[in-house]
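There are 2 protein chains.
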Amino acid sequence: MSSTVLLAPQWIAPVAAPRNPPDGAEDGTEDGSVLVDHAVVVEGDRIAALLPAAEARQRYPQARIVALPGHLLAPGFVNLHTHAAMALLRGVGDDLPLHRWLQQRIWPLEAKLVGAPFVRDGALLALHEMLMGGVTCVNDMYFFPEAAIESALLLGMRSVHGVIVIDFASAYASDAGDYLRKGLELRDRMRDEPLVGFCLAPHAPYTVGDAPLRQIAMLARELGLPIHTHVHETEEEVRESVQRHGMRPLERLAALGLVGPELIAVHAVHLDDNDLRLLADSGASVAHCPHSNLKLASGIAPAARMHELGICVGIGTDGSASNNRLDLLAEARTAALLAKGRSGNAEAWPAARTLRALTLDAARALGLDDRIGSIEPGKQADLVAVDLSAAELAPVFDPISHLIYGCGREHVQHVWVAGRHVVDRRQLSDANVRLQITEVVARTAVWHNRIGEILSGSA
Amino acid sequence: MSSTVLLAPQWIAPVAAPRNPPDGAEDGTEDGSVLVDHAVVVEGDRIAALLPAAEARQRYPQARIVALPGHLLAPGFVNLHTHAAMALLRGVGDDLPLHRWLQQRIWPLEAKLVGAPFVRDGALLALHEMLMGGVTCVNDMYFFPEAAIESALLLGMRSVHGVIVIDFASAYASDAGDYLRKGLELRDRMRDEPLVGFCLAPHAPYTVGDAPLRQIAMLARELGLPIHTHVHETEEEVRESVQRHGMRPLERLAALGLVGPELIAVHAVHLDDNDLRLLADSGASVAHCPHSNLKLASGIAPAARMHELGICVGIGTDGSASNNRLDLLAEARTAALLAKGRSGNAEAWPAARTLRALTLDAARALGLDDRIGSIEPGKQADLVAVDLSAAELAPVFDPISHLIYGCGREHVQHVWVAGRHVVDRRQLSDANVRLQITEVVARTAVWHNRIGEILSGSA
Numbered sequence: 001m002s003s004t005v006l007l008a009p010q011w012i013a014p015v016a017a018p019r020n021p022p023d024g025a026e027d028g029t030e031d032g033s034v035l036v037d038h039a040v041v042v043e044g045d046r047i048a049a050l051l052p053a054a055e056a057r058q059r060y061p062q063a064r065i066v067a068l069p070g071h072l073l074a075p076g077f078v079n080l081h082t083h084a085a086m087a088l089l090r091g092v093g094d095d096l097p098l099h100r101w102l103q104q105r106i107w108p109l110e111a112k113l114v115g116a117p118f119v120r121d122g123a124l125l126a127l128h129e130m131l132m133g134g135v136t137c138v139n140d141m142y143f144f145p146e147a148a149i150e151s152a153l154l155l156g157m158r159s160v161h162g163v164i165v166i167d168f169a170s171a172y173a174s175d176a177g178d179y180l181r182k183g184l185e186l187r188d189r190m191r192d193e194p195l196v197g198f199c200l201a202p203h204a205p206y207t208v209g210d211a212p213l214r215q216i217a218m219l220a221r222e223l224g225l226p227i228h229t230h231v232h233e234t235e236e237e238v239r240e241s242v243q244r245h246g247m248r249p250l251e252r253l254a255a256l257g258l259v260g261p262e263l264i265a266v267h268a269v270h271l272d273d274n275d276l277r278l279l280a281d282s283g284a285s286v287a288h289c290p291h292s293n294l295k296l297a298s299g300i301a302p303a304a305r306m307h308e309l310g311i312c313v314g315i316g317t318d319g320s321a322s323n324n325r326l327d328l329l330a331e332a333r334t335a336a337l338l339a340k341g342r343s344g345n346a347e348a349w350p351a352a353r354t355l356r357a358l359t360l361d362a363a364r365a366l367g368l369d370d371r372i373g374s375i376e377p378g379k380q381a382d383l384v385a386v387d388l389s390a391a392e393l394a395p396v397f398d399p400i401s402h403l404i405y406g407c408g409r410e411h412v413q414h415v416w417v418a419g420r421h422v423v424d425r426r427q428l429s430d431a432n433v434r435l436q437i438t439e440v441v442a443r444t445a446v447w448h449n450r451i452g453e454i455l456s457g458s459a
Numbered sequence: 460m461s462s463t464v465l466l467a468p469q470w471i472a473p474v475a476a477p478r479n480p481p482d483g484a485e486d487g488t489e490d491g492s493v494l495v496d497h498a499v500v501v502e503g504d505r506i507a508a509l510l511p512a513a514e515a516r517q518r519y520p521q522a523r524i525v526a527l528p529g530h531l532l533a534p535g536f537v538n539l540h541t542h543a544a545m546a547l548l549r550g551v552g553d554d555l556p557l558h559r560w561l562q563q564r565i566w567p568l569e570a571k572l573v574g575a576p577f578v579r580d581g582a583l584l585a586l587h588e589m590l591m592g593g594v595t596c597v598n599d600m601y602f603f604p605e606a607a608i609e610s611a612l613l614l615g616m617r618s619v620h621g622v623i624v625i626d627f628a629s630a631y632a633s634d635a636g637d638y639l640r641k642g643l644e645l646r647d648r649m650r651d652e653p654l655v656g657f658c659l660a661p662h663a664p665y666t667v668g669d670a671p672l673r674q675i676a677m678l679a680r681e682l683g684l685p686i687h688t689h690v691h692e693t694e695e696e697v698r699e700s701v702q703r704h705g706m707r708p709l710e711r712l713a714a715l716g717l718v719g720p721e722l723i724a725v726h727a728v729h730l731d732d733n734d735l736r737l738l739a740d741s742g743a744s745v746a747h748c749p750h751s752n753l754k755l756a757s758g759i760a761p762a763a764r765m766h767e768l769g770i771c772v773g774i775g776t777d778g779s780a781s782n783n784r785l786d787l788l789a790e791a792r793t794a795a796l797l798a799k800g801r802s803g804n805a806e807a808w809p810a811a812r813t814l815r816a817l818t819l820d821a822a823r824a825l826g827l828d829d830r831i832g833s834i835e836p837g838k839q840a841d842l843v844a845v846d847l848s849a850a851e852l853a854p855v856f857d858p859i860s861h862l863i864y865g866c867g868r869e870h871v872q873h874v875w876v877a878g879r880h881v882v883d884r885r886q887l888s889d890a891n892v893r894l895q896i897t898e899v900v901a902r903t904a905v906w907h908n909r910i911g912e913i914l915s916g917s918a
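Line by line, the protein sequences are chains A and B. First residue of the first sequence? That's 1 in our numbering, and the numbers climb one at a time after it. First residue of the second sequence? That's 460 in our numbering, and the numbers climb one at a time after it.
These aren't lab readings, by the way, just hints derived from the structure by calculation. Wrong hints could be hidden among the right ones.
Pulled a few chain B residues facing chain A out of the computed Cβ check, cut under 10 Å [said to hold, decoys possible]:
| hint | residue |
| --- | --- |
| 1 | 550 |
| 2 | 553 |
| 3 | 555 |
| 4 | 587 |
| 5 | 757 |
| 6 | 801 |
| 7 | 848 |
| 8 | 849 |
| 9 | 853 |
| 10 | 857 |
| 11 | 896 |
Think of the CB as a built atom: it goes at the ideal place given N, C-alpha and C, for glycine as much as any other residue.
Please take these sequences and the hints and turn them into a complete structure.
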């Protein structure tokens, strides 16, 4: 079988920034173009060409053709923030505010459960859920990242892992230095794994002291790594920082050297004009997690304003303990709707711009926009094919509008990561992996019992 | 085959208000109970019994048993506000504010398209989408309701139709009196149709004058019909009413006699304390349409406050021109999340209370809570079975939490309306109806062309 594949969908949304943006146009913003009668040629792990279908068939006569009538082909979705392992804690702490949720449910459970087996099983469940919904790359932050990597590689997904740093001891590491050491050693071991990348991930300004934060800023510059941190999630966090440090959390991070193009500010809900300007001027990115912010009653991030200021915003599901459905497409829809509803401007976050947040902008935040995030020759073949021929989507006026506002993850039919066809007609291609999913689902009964025992105080 | 069916799911969420609420408990609010090892017995169109499974098998030895392992059985979902026919206009006017959306897109298209064929096809698409997602009863407002009724009956759905009244002429009727006459005649003709009901449906205070509104108030009392109207959707609407009438829209409706237990106030986004108190004191209901309100940038309704004040709130998808996905379960999830995010209270709209809004409270708003909305002996057998055994839902700690926060409509496996098993393992049971869905999808190509011609000015 030839390793050249010609994908021939009905529509293609390349999400590529225009090569030569017209004078005065915001870079890439207007690029909602949809190609018809075009094909994507995949060779090995890469996109070899994007060209008219007739020409593609002529130039690649040996290619295996995958016809995708009624489908929209788009770049794979990039989940800019999650804690995958927490899938095992889905629904154990609903309808609670952030601090009670953390203190009464999540932290006590984590203290007794977290270890490599918990992370491997939880991440396998979560990453499988995401992959089936079109996510090809995920930015994860959790203890025992080596176990999450194992699950991501089993599924054939691209993943970026936080070198997590927190001032408290856990089953994983004893102190900030130990966390850093373990994470960086793991990074060294994974050097030759093309699907695996790393961020520096100080948990949050309120859980990491000045000294490790300074060290992280230095490492980020030395190693060229993004910094992935929760920040300005709640009003309380901002207030406490002002009390304790005389500065708002972002000001403090800036003073310590962490606010620059490498920063991925997760949540970024409670921002004043100075905070917003700081993010914009420094070239930092935001990981917008609308469902988690609503569920924990943290608030609604000013996402329309962020776009106005040119801040790069990607979308994250967060973990399934605070967002029980790891559905990045639904998250994108909510992001688009919420931006309009909160700002009072129905033109905020239009469909095409939202698709970019779901793909290229998140890739850019991770420093991966030269490799993924759009359908362009030379980039990795991370792709999703979404079936728009379902009865509930007829007729189709604008495939990108349908993708963002009408589709659900149930319409994702095919997923490719680095050229591998990992999901084929809504099923994992690899029978061995399917079996392992069945097995991990069976094992959840054991986790369910242990969690029940811990919550009832009998463990 | 016996007409007695015994449904044996893993969990049942009856959503029944407690028969004898304890002193001081808010009526029904706390009822998030889940039954295990229980069965629902259906005889003809009714629920005959809800009892322990073992007892059910003994008492109904002739019953045909439908085993539903891993499933949650819940009352059918009630969509409290939609314009079903507008499915044909899905995606023609995205990212526009309400007034431009109406004036530049929707009204010009409707002027050229609306007639019985448009309504029949659009409603068939929309109602099919809803039914497959667990909606068993829908409250529709549109021109040519007889055509929407045809589609609802074809699908075997329960539906309530607005006797629409608007001061402007349309292809359907010439003036307020004509609208009323046509609607009431239709109601007479449908007298013996047990699945069809009616509301009085003045479009909005800003499109209907005082005289027809007064007449509607009188008719509502005489005929015992609910009043279904858009109200307080935008700030502009409220401001204009104050300018024109010296009163806010709800005050004006109250002065004209329309604000009472029969009122279903649709949207109800921009409410001050007096408006909220008026709704609460009068026993009126609200049809909360969170996605539509966000998409048109109308705002976010104070849904947490409504629950605090004891206002009965149901959930509506609105039409697919302003909410491109008629997914009531997703709408309920957003309602729950948004109530927390807007109020800052993570305990607002907990999962069980949200399920009640999705079922019994909407039934109550329609005056149908004696017949549908909960699983109780004597009520109509309008039921959904949701499969919680999918990998992305394991493990299950709380099935109601999973239903509201984790599930998607893709997990709805079975739907019964008035005892008829209309959706069986995600497929319409009736082959003839399946064929008609295929046919209507094919016809959307014709509608697509006509709409394209109108928008391009060539028709």
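Cross-check of the supplied hints:
1. 550: holds, 4 Å
2. 553: holds, 5 Å
3. 555: holds, 6 Å
4. 587: Constraint on residue 587 of chain B satisfied, holds at 6 Å.
5. 757: holds, 7 Å
6. 801: holds, 8 Å
7. 848: holds, 8 Å
8. 849: holds, 9 Å
9. 853: With Cβ-Cβ at 4 Å, under 10 Å, it holds.
10. 857: holds, 5 Å
11. 896: Since the shortest Cβ distance to chain A is 6 Å, the answer is holds.
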